[in-house]
Amino acid sequence: MPESVAEMPESTIALLSKAFNHDKAAPSGPHETKKVAARCHCGAVQFSVSLPVASLPLRGYICHCSICRYTQGTYARNGVVLPPVAHPRLPQVGPDGGLVEWLLHPDDTAAVSAQEGEETIWYSPDHEESFVAAEPECAADGTERLRAECHCGGVSFTIPRPSQDILDDEYLRDYVSPADPAKWKAFLDLCRDCGRLSGANAVPWMLVPRVVIEPPVPADLDLDLNGQQQQQQQQQQPYGTLKTYQSSAPNTRGFCGVCGATVFLATKHRAPTAGQAVLNVAMGLLRAPEGVKAGDWVTWRTGKPAWAEDARAYDEEFTVGLVEGHRRWGLERDGEALEFDVI
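Note that our numbering gives residue 195 to position 195 of the sequence shown, counting from 1, and the numbers run on in steps of one.
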């Protein structure tokens with residue numbers, strides 16, 4: 001794998017230069033501009049930029065590297081580089097593809113090689129050797145555990161397989177995979193709140209009862225302490241850098257206050273009692289030995305990503321391609337595009 005732009009073939013540099021809008025510099029002389037605004041979910045960070053109309057539409061990029069996954073909690077970082085771009089960087093893909101194998105080319109084939117569409121450039125080089133495979137983990141009793149950890153390590157915890165206690169619980173058993181009692185449920189979420197909070201077009205969630213996560217997660221997810229108490233808590237807890245944000249009346253989100261990774265979503269809609277609360281765990285943080293999709297631990301709801309209609313209003317082409325690619329992947333993997341409840 002090339003370590004710098006200088007080591008890349010000229011054809012690759014040309015491709016990436018176009019992907020990162022290097023060919024869309026402002027025209028000389030008077031020209032029409034358009035003001036584009038951006039903001040985060042709470043509005044604390046917002047800005048605008050004036051772009052030459054001749055440069056629009058800009059081409060976006062999707063990076064699947066481990067750093068982007070672990071600092072986002074998602075499978076990929078969606079972004080756009082404002083023109084001009086002098087030093088394009090090589091986008092990266094996870095060991096089993098991340099979002100890229102669910103997206104479709106304009107010619108309706110999987111994104112597996114460098115191609116150009118009208119405004120879509122796919123570049124998926126084979127460089128799995130740049131990713132360090134996660135090691136299997138076990139508890140003291142020898143049972144399997146799945147590690148979730150943000151990029152800086154300030155939030156780190158493990159998830160076990162569904163136990164008999166979970167299967168016997170009338171409420172919690174609904175969050176165990178309907179296809180395999182040794183797995184949990186997983187789904188893609190395309191809602192606008194998740195997009196604005198994570199900076200990604202799609203967030204992969206794993207549904208896990210709070211009571212099984214190790215070490216225990218506080219019921220209110222609130223570890224935003226001050227002074228000496230905060231220092232002591234950080235030394236004792238693997239959730240010391242966890243911050244919270246109430247994104248809506250029923251929903252509280254947990255994220256790392258250092259590297260920014262989305263970690264949890266807690267909703268009152270899935271907490272009939274304190275002991276039966278079910279959390280969304282951001283799957284971009286998982287360290288599954290088999291790959292980023294954690295197929296040995298979850299069953300995917302490939303027949304119906306959540307809030308796809310909302311996403312179509314924002315980016316129809318991307319959403320339609322992702323939904324259809326996800327469905328086909330489910331058909332190939334499971335023999336059917338599964339649908340099940342996630343609320």
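These are calculated hints, taken from the structure and not from any lab test.
There could be a bad hint or two in this list.
[What the hints assert, rightly or not] Here are the simulated DSS-like cross-link-like pairs (lysine-lysine), alpha carbons at most 30 Å apart as the crow flies: (1) K243 / K268; (2) K35 / K18; (3) K18 / K183; (4) K183 / K243.
Mind listing which of the numbered hints don't hold for this structure, in increasing order? 3
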